[in-house]
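For the sequence shown, UniProt numbering begins at 1 and goes up steadily by one.
Treat the hints as calculated values from the structure; they're not laboratory data. Every residue gets a Cβ at the ideal spot worked out from N, C-alpha and C, and that includes glycine. Check the hints yourself; a few may be wrong.
[Stated by the list, open to error] List time: in silico DSSO-like cross-link candidates among lysine-lysine, alpha-carbon distance up to 30 Å: (1) Lys-13 x Lys-81; (2) Lys-13 x Lys-112; (3) Lys-139 x Lys-112; (4) Lys-112 x Lys-28; (5) Lys-161 x Lys-112; (6) Lys-28 x Lys-161; (7) Lys-28 x Lys-81; (8) Lys-28 x Lys-13; (9) Lys-81 x Lys-161; (10) Lys-13 x Lys-139.
[What the hints assert, rightly or not] Simulated DEER-style distance windows between Cβ atoms: (11) Glu-29 x Glu-86: 20 to 30 Å; (12) Gln-141 x Gly-186: 21 to 31 Å; (13) Gln-131 x Gly-111: 48 to 58 Å; (14) Ala-98 x Asp-57: 25 to 35 Å; (15) Asp-138 x Ser-22: 33 to 43 Å; (16) Ile-163 x Ala-61: 19 to 29 Å; (17) Thr-84 x Gln-131: 37 to 47 Å; (18) Arg-77 x Met-1: 35 to 45 Å.
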Amino acid sequence: MALILASSSPRRKQLLEMADLSFRIITKETDETFDPALELNAAVADVAKRKGYAITDQVTAEDIIIAADTIVVLEDRVIGKPETREAAIDILTRLQGATHYVITGVALLKGKEEVVFSERTEVLFHPLTPQQITYYVDKYQPFDKAGAYAIQEWIGVTGIKRIQGDFYNVMGLPVSRVLQEIRTLGYRSDKD
């Protein structure tokens, strides 16, 4: 039995390494379009499920696939990854002083078994100055991050007023819950 991370996210990789898990990474380009018939929590979990099933032909029935997708939601609107410096500044300007939600959908797949869920964390930024926002964007280049920020970087340390929920979910994977759920699929590490 092997753990397979179906994600190229450096943050998800880092979180599983922090949990001292041995795993391999296998990814495949997958359509990340939301099903409009689903509410957001279910839609993001559905995307994670599609990412996991996309690689099932490359693993054994005993392997456990960990797939995830993360979105940022402000006022019922999904905030994606910024494509430009100006887009990142605009996103962070809208997020500052406001409460938003980070939702991560997770799919854990083993043969015909699946555990699919979503985790939601509320995040509130302090009001940030235009200079702080520009400094962060120019120094950290958050173009590969939903919501244009990473909570573990400078902006999280200096700009987050409060979070309610799983901190690591905001990084991209509710790793503690993932650990609990993979045990239900029969996974045991040498630390269990």
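Each hint, compared with the structure:
{"no.": "1", "hint": "Lys-13 x Lys-81", "result": "holds, 19 Å"}
{"no.": "2", "hint": "Lys-13 x Lys-112", "result": "holds, 25 Å"}
{"no.": "3", "hint": "Lys-139 x Lys-112", "result": "violated, 45 Å"}
{"no.": "4", "hint": "Lys-112 x Lys-28", "result": "holds, 20 Å"}
{"no.": "5", "hint": "Lys-161 x Lys-112", "result": "violated, 42 Å"}
{"no.": "6", "hint": "Lys-28 x Lys-161", "result": "violated, 37 Å"}
{"no.": "7", "hint": "Lys-28 x Lys-81", "result": "holds, 19 Å"}
{"no.": "8", "hint": "Lys-28 x Lys-13", "result": "holds, 16 Å"}
{"no.": "9", "hint": "Lys-81 x Lys-161", "result": "holds, 22 Å"}
{"no.": "10", "hint": "Lys-13 x Lys-139", "result": "holds, 23 Å"}
{"no.": "11", "hint": "Glu-29 x Glu-86: 20 to 30 Å", "result": "holds, 27 Å"}
{"no.": "12", "hint": "Gln-141 x Gly-186: 21 to 31 Å", "result": "violated, 41 Å"}
{"no.": "13", "hint": "Gln-131 x Gly-111: 48 to 58 Å", "result": "holds, 53 Å"}
{"no.": "14", "hint": "Ala-98 x Asp-57: 25 to 35 Å", "result": "violated, 43 Å"}
{"no.": "15", "hint": "Asp-138 x Ser-22: 33 to 43 Å", "result": "holds, 37 Å"}
{"no.": "16", "hint": "Ile-163 x Ala-61: 19 to 29 Å", "result": "violated, 38 Å"}
{"no.": "17", "hint": "Thr-84 x Gln-131: 37 to 47 Å", "result": "violated, 19 Å"}
{"no.": "18", "hint": "Arg-77 x Met-1: 35 to 45 Å", "result": "holds, 40 Å"}
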